[in-house]
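Number of protein chains: 2
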Amino acid sequence: MAKIATVITDMFEDSEFTSPKEALEAAGHQLVTIDTEAGKEVKGKHGETVKIDKGIDEVKDNDFDALFIPGGFSPDILRADDRVVAFVKSFMDDMKPTFAICHGPQLLITAKTLNGRDATGYKSIQVDLENAGAKFHDEEVFVCQKQLVTSRTPDDLPAFNREIVNLLASK
Amino acid sequence: MAKIATVITDMFEDSEFTSPKEALEAAGHQLVTIDTEAGKEVKGKHGETVKIDKGIDEVKDNDFDALFIPGGFSPDILRADDRVVAFVKSFMDDMKPTFAICHGPQLLITAKTLNGRDATGYKSIQVDLENAGAKFHDEEVFVCQKQLVTSRTPDDLPAFNREIVNLLASK
Chain A
1 MAKIATVITD MFEDSEFTSP KEALEAAGHQ LVTIDTEAGK EVKGKHGETV KIDKGIDEVK
61 DNDFDALFIP GGFSPDILRA DDRVVAFVKS FMDDMKPTFA ICHGPQLLIT AKTLNGRDAT
121 GYKSIQVDLE NAGAKFHDEE VFVCQKQLVT SRTPDDLPAF NREIVNLLAS K
Chain B
1 MAKIATVITD MFEDSEFTSP KEALEAAGHQ LVTIDTEAGK EVKGKHGETV KIDKGIDEVK
61 DNDFDALFIP GGFSPDILRA DDRVVAFVKS FMDDMKPTFA ICHGPQLLIT AKTLNGRDAT
121 GYKSIQVDLE NAGAKFHDEE VFVCQKQLVT SRTPDDLPAF NREIVNLLAS K
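Residue numbers (the numbering used here), protein chains in the order written: chain A, 1 to 171; chain B, 1 to 171.
Since the hints were derived computationally from the structure, they do not count as laboratory data. Glycine included, C-beta positions come from ideal geometry on N, C-alpha and C. Hints should not be assumed to be uniformly reliable.
What the hints assert, rightly or not - Just some of the chain A residues that point at chain B, by a computed CB distance under 8 Å: (1) A26; (2) Q30; (3) F73; (4) D76; (5) A80; (6) T110; (7) K112; (8) K123; (9) V127; (10) T153.
Please take these sequences and the hints and turn them into a complete structure.
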């Protein structure tokens, strides 16, 4: 079963955390929430609260099997922190399973990991994704090289959840 | 005196609207707030409220002398609306004075107007700006071709306000 690093902070899109979490845990996987410091509580756009398990200085990519980036404004806040960007980059460099929905791919852009890759994301970041060298797919979910799973919005969650669970099952 | 189109919606960075507004009005200019529809009230990240003067379908760039894009999460919400993106693009295409602070340049990226330009912006969008073809300057304010004024954060407001007022005075 996989141990999944989940980078998240305030203003996350509530269902884009809770719904994949439910699907991943139902499949037997474990999510570890990561922000600047352990023990803090972060708040979603619609009021959901999440307790942070680990601070970014406490974690190494080697401790995890996969990476999950929920959307909302959380990814944009996180990518202003070079430590989070470096952490995210290590998963992509190692071709570990990486799941990003909505604004989640913003962190992958700042980590400069999308050149030549196939991805989708929220409409507002489409030009950013294309400028980063990604081929943009206006589809509910896109699985690139059996490693990177991206989706656009909360409406895509059933497809996103299905593909991230399937991808981990295939490892 | 200039009539300044101000594109703004919920989650704007409060001081990045109120402070330039004060400086511009003190210099005799007029701001017209624009969002999806006239009459609605939008709310800043810290509680400031702004009444919207005009809906995006009611305005033409020819009615205005300059464009102002306050920061916060407002620009990212607005750039999901193709009408706002087209409106912003017309100011840049016509080389009209354009002022953007913090996340404001996100709208200029989606409008594909920054290739070969010099700009600054909030740290989180630095890679997006560079991927869009802009030269990024980590400075409190940058004036490009006496037309485009950008700044990084609320701390830069004194410099930003000075340069946008000066630029309009020079026209």
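Exercise. If you take the shortest Cβ to Cβ gap from A:K112 to chain B, is it below 8 Å?
Worked result: A:K112 check passes; min Cβ-Cβ to chain B is 7 Å, inside 8 Å.
Problem set entry | Restraint satisfaction for A:F73 [CB to CB of chain B, less than 8 Å] | holds, 5 Å
For this session: Classify the hint on A:K123 as holds or violated, based on whether any CB of chain B lies nearer than 8 Å to its CB.
Result: Hint holds; A:K123 Cβ to chain B Cβ min 5 Å, cut 8 Å.
Problem set entry | Interface hint status, A:Q30 versus chain B (Cβ within 8 Å) | At 29 Å from the nearest chain B Cβ, A:Q30 fails the 8 Å test, so the hint is violated.
For this session: Closer than 8 Å between Cβ atoms is the bar; does A:A26 clear it against chain B? Give me holds or violated.
Result: violated, 32 Å
For this session: With a cut-off of 8 Å on the beta carbons, see whether A:D76 makes it to chain B.
Result: holds, 5 Å
For this session: Would you check whether A:V127 satisfies its interface hint, that is, whether its CB is within less than 8 Å of any CB in chain B?
Result: Interface hint status for A:V127: holds (5 Å vs cutoff 8 Å).
Exercise. Against chain B, is A:T110 within 8 Å by beta-carbon distance?
Worked result: holds, 5 Å
Exercise. Taking the least C-beta to C-beta distance, is A:A80 closer than 8 Å to chain B?
Worked result: holds, 4 Å
Exercise. Should the interface hint for A:T153 be scored as holding, given a Cβ-Cβ cut-off of 8 Å against chain B?
Worked result: Given a least distance of 10 Å, the restraint on A:T153 is violated.
Checked against the numbered hints given earlier, the structure breaks hints 1, 2 and 10 and satisfies all the rest.
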